[in-house]
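The listed protein sequences derive, respectively, from chains A and B.
When the letters of the first sequence are read in order and numbered with our numbering, they come out as residues 11 to 111.
When the letters of the second sequence are read in order and numbered with our numbering, they come out as residues 1086 to 1359.
Derived from the structure by calculation, the hints contain no laboratory data.
Note that the structure is a prediction, hence the values are computed from the model and not measured.
Accuracy of the hints is not assured; some may be wrong.
Claimed, not checked - With a straight-line Cα cutoff of 27 Å, these simulated DSSO-like cross-link-like pairs (lysine-lysine) come out:
hint	chain 1	residue 1	chain 2	residue 2
1	B	1243	A	52
2	A	55	B	1161
3	B	1245	A	55
As a plain string of letters, each chain reads:
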Amino acid sequence: MASMAARSIRALRGSTKPSSLVAAGKRRFSASAHDDAYETAKWEKITYAGIATCTILSIYNLSKGHPHHEPPPPYPYLHIRNKEFPWGPDGLFEEKHHGEH
Amino acid sequence: MIESQRHSYHLVDPSPWPISGSLGAFATTVRGVMYMHPFQGGATLLSLGLIFILYTMFVWWRDVLHESMLEGHLTKAVQLGPRYGSILFIVSEVMFLFALFQASSHSSLAPTVEIGGIWPPKGIGVLDPREIPFLNTPILPSSGAAVTWAHHAILAGKEKRAVYTLVATISLALVSTGFQGMEYYQAPSTISDSIYGSTFSSATGFHGFHVIIGTLFLIICGIRQYLVDYCPTKSLCILAHKCRDRRDYGRSCSQRNYPKVDLGLFEIVPFNHN
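Could you build the full structure based on these sequences and the hints that come with them?
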């Protein structure tokens, strides 16, 4: 079993000599194992801080409500229709032009 | 075969997927034109073309997973390919979005008389950047922080933790997309309202599309991470080696020769029972 594993690692490396790309038995990344634990803890804190910020901002923003706009005069450069869309007269987010406004 | 190989590159076997993907893309282009000009059956043919591309993507990536995890072809030299590919893809996106920003800036610097000679054009209701746009701005970097956390968790060997962090990443991205959809629906102007609407909706819309693609990507990564987490070896690297050792066993055992119509992802599943 162990010899098979060693052989397959050698085969993966593509050479019987130790290659500079892969150190024997261990994957080499730019950071060592200790640094990875440190980085994990750091980004965990940053993520929690980000989520907290977003939650507070969301509550603040959504509690304000959104402004209502008056429909503009029919200027020729607005609501351009050269031909119908394949699915009908309105664009994907344009229901409001034919709605209650 | 790989035993006699004296280099670390992967010489691929003949595959039908490049020509299949090309034909799918060609069919989709032609049928997309048919759909946009009202040809009969254009929508059906376009859907078939898209399904053909999706099928090709599915089986091609299934083969890639098979080659990397079962056959052990994902050497350091081979990993450079997808790495350069990702970098080139991001660079192309930066250039694409730069062009859209330039279209908007160019139109704003000397507004033409056709839009009233002012910017934003007369009659255009502009979104308040301090509301939803300001809210969505920290959500995406938070999602980025969460995926960085996942990355370091995998490197540190915390495979289970990486699944949760990917769930956090995907949730934040979905919240962001949801807010953008809400904003689009409530926006006073749309893509058909003057050069302002065209450039604004193109830039924000393609960015939204970019976020959706990233979300799909990370959903697949998360599912794979979740499945690999069940492997008793707990390590992708060891997993690849072990599965390679057991390849002959796996091939000879008829029950494991699942029909290839199943999810590409489930190429991993048989390993989990080893």
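**Asked** When you check the alpha-carbon spacing of residue 55 (chain A) and residue 1161 (chain B), does it fall within 27 Å?
**Response** violated (32 Å)
**Proposed proximity, residue 52 (chain A) with residue 1243 (chain B) (alpha carbon, max 27 Å)** = Since the Cα atoms of residue 1243 (chain B) and residue 52 (chain A) sit roughly 15 Å apart, the hinted pair holds (cutoff 27 Å).
**Request:** Verify the proposed pairing of residue 1245 (chain B) with residue 55 (chain A), using a straight-line Cα cut of 27 Å.
**Result:** holds (18 Å)
When the structure is compared with the earlier hints, a violation turns up for hint 2 alone.
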